[in-house]
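Participant: Use these hints to put chain B onto chain A, whose structure you have.
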Amino acid sequence: MVGGASSVVAPWTPVSVDTPKLVKEEGEEKEPEISTGGSSMMFFRLYTQILRQTQVVEATMSVLGGVRAASTTGMVSTLHHRPATHSHHNHLEARSHVETLPGNHDANELVHADLEAMFKEIHEELDFELKSNEELRTASGQLGISKDRLLGSLGQMAKYYFDGQGKAVRPVIAMTLGHAYNHHQCMNQEEKTETANRQRKVAIISEMIHTASLVHDDILDHAETRRGKLAVNQKWDATRSVLCGDYVLAIGAKVLAQLRNEEVLKVLAQVLADLVHGEFQQLQNKENETERFNLYLNKTFNKTASLIAYTCKANAILAKASPDLVEEAFKYGKNVGIAFQLVDDLLDFESSSQLLGKPAAADLKLGLATAPVLFASTEFPELETLIKRRFSQSRDVERAFEFVQKSKGLLQTRDLAKQHCDAAVQAIEPLVESPYKSALINLTDKVLIRQK
Amino acid sequence: MSWPRLIVGVANGLRPGGSAFRPLACTSSFSSYISFPRSHQWNKNVAEAEKLVGFPTSMMSFQNLMDNDVTSMTSHVKKLLGSGHPLLKTLKRLVYHDKNNLQVRGLMVLLICRAFSGQFVDVSDRHADTGILDRQRQLAEYLEMILSAQAIHKSVLNLPNLHDGRDVQGKDDLLELEYGNKIAILGGDYLLAQACVGLANLRNTYISEMISVAIADFTQSEFLGRRDIQGRFIPDPSHITQESWVIRNTLAYGNLMSQGCKSVMLLADMDPQSQELACRLGHNLSLALQAYSELEPFLEETISPREILDLSAAPVLFHLQEDPELLHEVQHPEDNNTENLNTKKILNAIMAKRVGLDRTQDLINIYVQEALEGIQKLPNGQNESGKSAKNLLEEFVAFLRA
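If you're matching them up, the sequences are chains A and B in order.
Using the numbering used here, read the first sequence as starting at 1 and increasing by one per residue.
Using the numbering used here, read the second sequence as starting at 1001 and increasing by one per residue.
Only chain B is shown next, with the shape it has when bound in the complex:
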């Protein structure tokens, strides 16, 4: 079965709740996904950017994971169909929304490379058409592999012990979920290991070091704040501020992107100023994208309550700043399980008051502004017919602004 067809199977096989242990339908596990409306303009930009960087961004890291004899991931995932394990949703989102969201981070790294390509010092493995170095392309790929690995590891569930001889209700369903955990852990480990091997082959120990630290930062971000029984974020007064959002997401996504952007400059032997410019731009782009991805579900015409309640999302946090009563309720979910919260009530409150949405848009605008200032400083591309990498980056970023 081909991978896209399998994914359709995965999608259809998702069982709507009902098992003895109902896995979350939507959680902080997915906060890492940047999902954009399938806006025509956005997709057109993506297509144009891909052409410009000469990089078929579609699912490279997944092909690596799925079509591999070693992992035979496809067959493992097939066994999971119907289990309702969050891994299925994670994979589905990574693949379905691929072009529109996650991959744009790699794409933006490459657009920055393209913008700088006229000035590269080390051009030993330069691509003739795009001017982008082969190793830069690889690095963009590894960044995405790491992001995917992290998303996959986040979909692991806490399950009761099924192997101590005691009788557990709904054991068969739980065993399926346990298998899902196994595949999620190994799948994530596989992507991380491949990324580490790839980074080592770039033969620059400073890059390996920076990316390793960024991976460590991500794990730290997941320990910030209170967590429910499934490790999902529970807002509390110290973690609903904009500052705490910025810190958490800088650790989770900002650092990987900024260090990635700095690394591609290092690969081309660029001067420290260019490294710094790329690094800051990466940071600002990543936070703008992340904040937008958290706002975007609230902008859609129909909102399915089970699909979008991520309690760590900026609109939720910023709403709770102004709604102490709801904050109190959210802080104390029944059985310390955020699934037991009244999702609909929270959603309605956010949509009615809109303050969470407005503040999130303000936050996006800050990072968009910063990013635009960085983009202005990028060199002008040479011999580019049509839009330049700089123009495209501008358009991407402007899209995020209200």
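Same shape as in the complex, but just chain A:
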């Protein structure tokens, strides 16, 4: 084993436990553990310890208003808080409890076992091509160099981001939706397991495509850190990172092909085209205000929502859902994806850099005008010139930041995100009730209220 699964359950240390926000978060994250019926005494002790905190949180949340879910942790995976002793077996038991419990289902919890298996599989896939490759085997023999040393850093680089510490948002959505659809299709247990195994491949592909594009993005954006550690282009260098991204993508494409489903292959290949399209759109500048906003939304679909939407679609296809329902899966993913990105753009202005793991106003610094700025520019036309020159002159970033804070831009962005979440919930309305469906609905709330 390459350490994928073990690092998944490794305890996660909060950046700073002292800040009230994080203390709250911790409490909130523990809370769903209880509701999943984890029966060990440890959970009960934990529960009593954090109960008071949780109540504080719930009070805070009712102030925020309009929130269905009890957790405010958003997409932060609760699995990082799992004690390392929490075995696979325990989890499966937990899940059967879950299925009998009404309401309040957490997607991260429900697909925990899937994710654990997923990271392990990703490591195996990335290693397989390095270890089984015929030419490399020959080379290793002829040159007297071990296979691991032969390729120097490629293996390490490729696995670097798949350490189980990421939020794994895309796989969580893909798997939860997959399960919800399997449930809807009235599959027997055997069919369910078999289908879910195939759907997990889609989750794997989504995480690999996402990571490959992150690696290339980070070179483009000169990122210094990613997922709480040195970005791959900093730890190694640009020339190798480009190839590493290509390698991860190629292995993802291979896993995709091995699903032996032509429709799914076609659906997910489109994501690659959309991602690049989105990057090119990011280089464009539009003079006209309406055009600018449309370009922004379109770019948001291409860069973020496309991957989520098409993986949802793929998993609905694998569940053999009707064409209408397959389209609804796409709609769910698309709307959640757009909402997710809108909130991301919002957090760039709202969240402290520590919490987000990247500096605040990072987008402005990259010359990008996201929804909050675009909304704010209707109130403060002064922003126009700044947007057009991509915040390139001195104090542009600071001024734009201030304008946005003064404007209704942040509020409007949140409203727009809310609308997309509502549309997402509406899309999966036709599905029969299940814990997974409930988790999908809760997930839209978490997207809205996440802090990082």
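To be clear, the hints were calculated from the coordinates, so they are not data collected in a lab.
There's no promise every hint is true.
Which residues of chain B face chain A? A few of them, derived with a C-beta cut under 10 angstroms, are [stated by the list, open to error]:
#, residue
1, Asn1068
2, Asn1255
3, Leu1372
Label pairs and their calculated CB-CB ranges [to be verified]:
#, chain 1, residue 1, chain 2, residue 2, range
4, B, Gln1169, A, Glu287, 29 to 39 angstroms
5, B, Arg1166, A, Pro381, 49 to 59 angstroms
6, A, Ser132, B, Asn1348, 36 to 46 angstroms
7, A, Arg390, B, Val1355, 47 to 57 angstroms
8, B, Pro1379, A, Arg390, 58 to 68 angstroms
9, A, Lys388, B, Glu1048, 49 to 59 angstroms
The list that follows gives simulated cross-link-like pairs (lysine to aspartate or glutamate, EDC-like), each with its CA atoms no further than 16 angstroms apart [unchecked claim]:
#, chain 1, residue 1, chain 2, residue 2
10, B, Lys1344, B, Glu1329
11, A, Lys365, B, Asp1164
12, B, Lys1078, B, Asp1164
13, A, Lys365, A, Asp221
14, B, Lys1182, A, Asp217
15, B, Lys1182, A, Asp237
16, B, Lys1182, A, Asp221
17, A, Lys167, A, Asp344
All values reported here derive from a predicted model rather than from experimental measurement.
Every residue, glycine too, gets a C-beta built ideally from N, C-alpha and C.
Facilitator: Just chain B now, kept in the frame of chain A:
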């Protein structure tokens, strides 16, 4: 501005060194290019082959990249003129030498298709004149897109961090180069993504799988051996052998070509024997072409030292086998930058001793021989006036032999 005119601009805009951070003038980045002397005979063969396969090979994948509203690549590249970014040279070579070199790989795949066309089982999208299937033509195109994408990604540079507030000498020039990196990464990604979409549309998951693995193989080849600060190959004793050359180039180019040839057979529902024959032929053709492309610059009358020093090229490696002193020198470039090596000295040594050149020619001959044996086994074309696909392939390959 039309694309060919732009390229002239690119060519004229190339600044000869001199910037604070002088990008490489010639490197392993270009080892993927097969550049042939503009021999009359070769060009005549290309023209005839194109006619035979009914495929206008000129710059299809580039048209796709450059004349596209989405990428507006042309305008991005225009901004790069004068920056000296290796991407410009990569594009220039891909376009200028297009007909003579890179595209011949796609062309050869199609010649193999043409030779087999009389036996195709699945002929649902067969072209009336050539007998080549539409999907085979597309696949040949995707192979070239992938090769171009890889060449473009190889032209990315390592640059110092320009955004941490510190003062960097020659920052404006460096920012231009950084922009070049951006365009190179996105341009390559665009071609790769288009190829993946195209492959998925062929609706054969086995083909997608084989080509994906070949793309992964290419990236692995770039991690073989020691590398300098710009990721360029540095020869060392274990990587100057013929075996290591074969392994590296099989990963880099051989596998894509052999899997591509196998894939076109799959598209026509051909039997496993034909698939295997095409696969082996593809492998041998690609290595023969690659070795020739590495030798060819040394055969020209005038050699510009900055234009041809690719330390991963077979003639360099095979020379170093016999020149331990030079090998030692090459292994330890100043600042781990191979640009600081005395290119002229290395060139002169290779040209004087000739052993590197002779061994490379021997290597070419091995693969030419293998390829010819494969070509013999191809079916004889039907109803072909003039030369058959088989004849043309033979002529192409024989050209590579000394």
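Participant: Next step is simple, just say for each hint if it's right about the structure.
Facilitator: Do the hints match the structure? See the list:
1. Asn1068: holds, 9 angstroms
2. Asn1255: Holds, because the Cβ-Cβ distance from Asn1255(B) to chain A comes to roughly 8 angstroms (cut-off 10 angstroms).
3. Leu1372: violated, 24 angstroms
4. Gln1169(B) <-> Glu287(A): 29 to 39 angstroms: holds, 36 angstroms
5. Arg1166(B) <-> Pro381(A): 49 to 59 angstroms: violated, 36 angstroms
6. Ser132(A) <-> Asn1348(B): 36 to 46 angstroms: Holds: the Cβ-Cβ distance is about 43 angstroms, inside 36 to 46 angstroms.
7. Arg390(A) <-> Val1355(B): 47 to 57 angstroms: holds, 56 angstroms
8. Pro1379(B) <-> Arg390(A): 58 to 68 angstroms: holds, 60 angstroms
9. Lys388(A) <-> Glu1048(B): 49 to 59 angstroms: For Glu1048(B) against Lys388(A), whose Cβ atoms are near 54 angstroms apart, the range 49 to 59 angstroms holds.
10. Lys1344(B) <-> Glu1329(B): holds, 13 angstroms
11. Lys365(A) <-> Asp1164(B): holds, 12 angstroms
12. Lys1078(B) <-> Asp1164(B): Cα-Cα ~28 angstroms, so violated.
13. Lys365(A) <-> Asp221(A): holds, 10 angstroms
14. Lys1182(B) <-> Asp217(A): holds, 9 angstroms
15. Lys1182(B) <-> Asp237(A): With a Cα-Cα distance of about 14 angstroms, the restraint between Lys1182(B) and Asp237(A) holds, given a limit of 16 angstroms.
16. Lys1182(B) <-> Asp221(A): At roughly 9 angstroms apart (the allowed maximum being 16 angstroms), Asp221(A) and Lys1182(B) satisfy the hint.
17. Lys167(A) <-> Asp344(A): holds, 13 angstroms
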